[in-house]
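Q: Going line by line, the protein sequences match chains Y and X. Just so you know, we're using this note's numbering here: the first sequence kicks off at 1 and counts up by one. Just so you know, we're using this note's numbering here: the second sequence kicks off at 1 and counts up by one.
Just so you know, the hints here were simulated from the structure itself, not pulled from any lab data. Wrong hints could be hidden among the right ones.
Reference excerpt, derived from the structure (chain Y facing chain X, CB under 10 Å, subset only) [unchecked claim]: (1) VAL125; (2) GLN147; (3) GLU182; (4) ALA207; (5) GLU298.
For each residue, glycine too, the CB sits at the ideal point set by N, CA and C.
Protein chains: 2
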Amino acid sequence: MRARRERALAVAQRLGADGVLAADVSTVAWLTGFETDIESGPSPFALPPLAVVTPDGPPLLVVSEDDAPRIPDDCRACLYAGGTVEELDPVGGAIRALELATDGRMLASEPSFLSTTLASVLRIVDATAELRLVRAVKDPDEIDLLQAAVELCDVGQAEARAHVLPGISEIELWARVRGAMEQAAGGRIPVLADLASGPRTAETGGAPGLRVLTDGDLVICDLVPRLQGYWGDSCATLEVGEPAASARSKHRLVADALERGIEAVRPGVVAGDLDQLVRAGLDYPHHTGHGLGTSWHEEPRVVPGGRTRLEPGMALALEPGVYDGDGGVRLEQVVVVTEGGCTILSNHSLEL
Amino acid sequence: MRARRERALAVAQRLGADGVLAADVSTVAWLTGFETDIESGPSPFALPPLAVVTPDGPPLLVVSEDDAPRIPDDCRACLYAGGTVEELDPVGGAIRALELATDGRMLASEPSFLSTTLASVLRIVDATAELRLVRAVKDPDEIDLLQAAVELCDVGQAEARAHVLPGISEIELWARVRGAMEQAAGGRIPVLADLASGPRTAETGGAPGLRVLTDGDLVICDLVPRLQGYWGDSCATLEVGEPAASARSKHRLVADALERGIEAVRPGVVAGDLDQLVRAGLDYPHHTGHGLGTSWHEEPRVVPGGRTRLEPGMALALEPGVYDGDGGVRLEQVVVVTEGGCTILSNHSLEL
Numbered sequence: 001m002r003a004r005r006e007r008a009l010a011v012a013q014r015l016g017a018d019g020v021l022a023a024d025v026s027t028v029a030w031l032t033g034f035e036t037d038i039e040s041g042p043s044p045f046a047l048p049p050l051a052v053v054t055p056d057g058p059p060l061l062v063v064s065e066d067d068a069p070r071i072p073d074d075c076r077a078c079l080y081a082g083g084t085v086e087e088l089d090p091v092g093g094a095i096r097a098l099e100l101a102t103d104g105r106m107l108a109s110e111p112s113f114l115s116t117t118l119a120s121v122l123r124i125v126d127a128t129a130e131l132r133l134v135r136a137v138k139d140p141d142e143i144d145l146l147q148a149a150v151e152l153c154d155v156g157q158a159e160a161r162a163h164v165l166p167g168i169s170e171i172e173l174w175a176r177v178r179g180a181m182e183q184a185a186g187g188r189i190p191v192l193a194d195l196a197s198g199p200r201t202a203e204t205g206g207a208p209g210l211r212v213l214t215d216g217d218l219v220i221c222d223l224v225p226r227l228q229g230y231w232g233d234s235c236a237t238l239e240v241g242e243p244a245a246s247a248r249s250k251h252r253l254v255a256d257a258l259e260r261g262i263e264a265v266r267p268g269v270v271a272g273d274l275d276q277l278v279r280a281g282l283d284y285p286h287h288t289g290h291g292l293g294t295s296w297h298e299e300p301r302v303v304p305g306g307r308t309r310l311e312p313g314m315a316l317a318l319e320p321g322v323y324d325g326d327g328g329v330r331l332e333q334v335v336v337v338t339e340g341g342c343t344i345l346s347n348h349s350l351e352l
Numbered sequence: 001m002r003a004r005r006e007r008a009l010a011v012a013q014r015l016g017a018d019g020v021l022a023a024d025v026s027t028v029a030w031l032t033g034f035e036t037d038i039e040s041g042p043s044p045f046a047l048p049p050l051a052v053v054t055p056d057g058p059p060l061l062v063v064s065e066d067d068a069p070r071i072p073d074d075c076r077a078c079l080y081a082g083g084t085v086e087e088l089d090p091v092g093g094a095i096r097a098l099e100l101a102t103d104g105r106m107l108a109s110e111p112s113f114l115s116t117t118l119a120s121v122l123r124i125v126d127a128t129a130e131l132r133l134v135r136a137v138k139d140p141d142e143i144d145l146l147q148a149a150v151e152l153c154d155v156g157q158a159e160a161r162a163h164v165l166p167g168i169s170e171i172e173l174w175a176r177v178r179g180a181m182e183q184a185a186g187g188r189i190p191v192l193a194d195l196a197s198g199p200r201t202a203e204t205g206g207a208p209g210l211r212v213l214t215d216g217d218l219v220i221c222d223l224v225p226r227l228q229g230y231w232g233d234s235c236a237t238l239e240v241g242e243p244a245a246s247a248r249s250k251h252r253l254v255a256d257a258l259e260r261g262i263e264a265v266r267p268g269v270v271a272g273d274l275d276q277l278v279r280a281g282l283d284y285p286h287h288t289g290h291g292l293g294t295s296w297h298e299e300p301r302v303v304p305g306g307r308t309r310l311e312p313g314m315a316l317a318l319e320p321g322v323y324d325g326d327g328g329v330r331l332e333q334v335v336v337v338t339e340g341g342c343t344i345l346s347n348h349s350l351e352l
């Protein structure tokens, strides 16, 4: 944690600021380990969490009292009233707590994530782009957290594969997959997902619905769980029953593209060149890949023309696909860039 | 929809504004029917949705192209690029779309939900409190939507009751409950929940974990699903095996308090008086109830000293409880205030 706080403070210093005011919940998690509850949406009791990081003391979280039990050990907090039977005033509370936490300092921040009502007590400089870039390089403890999140993906993929049978609906399959992942996590976790069968695989996927699987269907299963603040990601494409020849040939193209990409990942490679290499001969309407960490899509974005240069410690998901009228196939693994190439964190079956 | 848009525009007019700029996702849903994806947290591709409502034309949503398929029929949109393989600039895109949508008008808005980066193109007056109050009175089509959301609660409660047996873990029970609700909804839905057994019921509940149910456990099951933008809410307390005498007596106290409250609900009743009536003789550390609609906690808040006066069309959840060292019991139903009293939307079993 100390290494990334120092990288963030170096950004602040370059911009003439005394510290960092993290406002994106992903940056808050990255600098403090504080995991924001996202599944309930905006809260009537609190503003989104903020974190102040300065060279002279532990990080200060600006959160409501409801979050007090979840404040990481090495952080302090400026708390305000949360859910209460008293009159609610989360904005007033957050403003007063933020004034205490920032103490008039000039801070490098992420203004698009800050509420206009907080502006009056803030002196900030926009560091959004710079913080995004330093967030892309993971510390060793972050790689461990990503590995744990990707292992949850493996659990979900195995469960999907075990139950992808004629007669089950997408939403039933989803309940099993999510159930297995939450069982493995020991509690509820956010999970984004494509779980789409048949015709919708041709459109790259979608959320699970009531469609019932039948023999010959392709099923795209793309699972994105968050565990301890870090997002995993993986995709497999399954076939209900025996794979058709056309599915096998698409699957081979995609597996080859993914392998090509993973073999090419090493420090110094430019994201746009990696995109071009993987995309060669294929025609998928989405990115080739993306970074992931405390957010599910971050630098390095592996897209046409992407200028980010890979560095050791960067984590990325690669996910080429082939989609045509017959249906679609996508495969995805997460890798971490090492000095000599990369390490694959994903361990799910890529078979059709 | 027209009735509530007119109420919102009347608020704007009272404040000297030309229209409304909804920024709270709950207000956006209320005025347009647009349902925001909350389960993925803040998006790297878009700012939260905004809606401009003026007297001269349909509502204008300011959202990314990714949301285009979900724009309600009677709304128009100012779109900006969303998830793309191009360079990302959701803030720039949102600013330009918002400039087009607002066209220099003075608008009644919710500044704490607005990003500071949008401030430069906005002329707004703070209408947060006023909009919250008018949102509390539901139109007939909103009552139908609430009824549908509460019926999903009924489905979940029935599933919990069917499987609350020794040997099942909280998280396994949760997978069944959520699975049944999503099956009934036809797809994924956000669901907030307490699903806690044994000792944690004494602390009012909590999220499901790995604890395995055993004979004699109390289980608090409080389910809060969102369907088509509207939140349902209900709570039952279940006993694993035969209820103990102490559990029966707590349950009787809570059932009586809930009944007392529901019998008292009618236009003109002040929320704080309702709180006092239900809370009499009990000692629970939370609100007696709350409004619900496009948010899961809104006016009328039924809390000590609450000043909101009930009106026909207000929807509220009442949820008294008793918690002691032995465990806790809470029961909750949703009602809608009518001219002569109230209608109960909930239809789940309140039995122990």
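Q: State for each hint whether it applies.
A: Right, here's what the structure says about each hint:
| no. | hint | result |
| --- | --- | --- |
| 1 | VAL125 | violated, 13 Å |
| 2 | GLN147 | violated, 21 Å |
| 3 | GLU182 | holds, 6 Å |
| 4 | ALA207 | holds, 5 Å |
| 5 | GLU298 | holds, 7 Å |
In summary, the structure is inconsistent with hints 1, 2 from the numbered list given earlier, while agreeing with the others.
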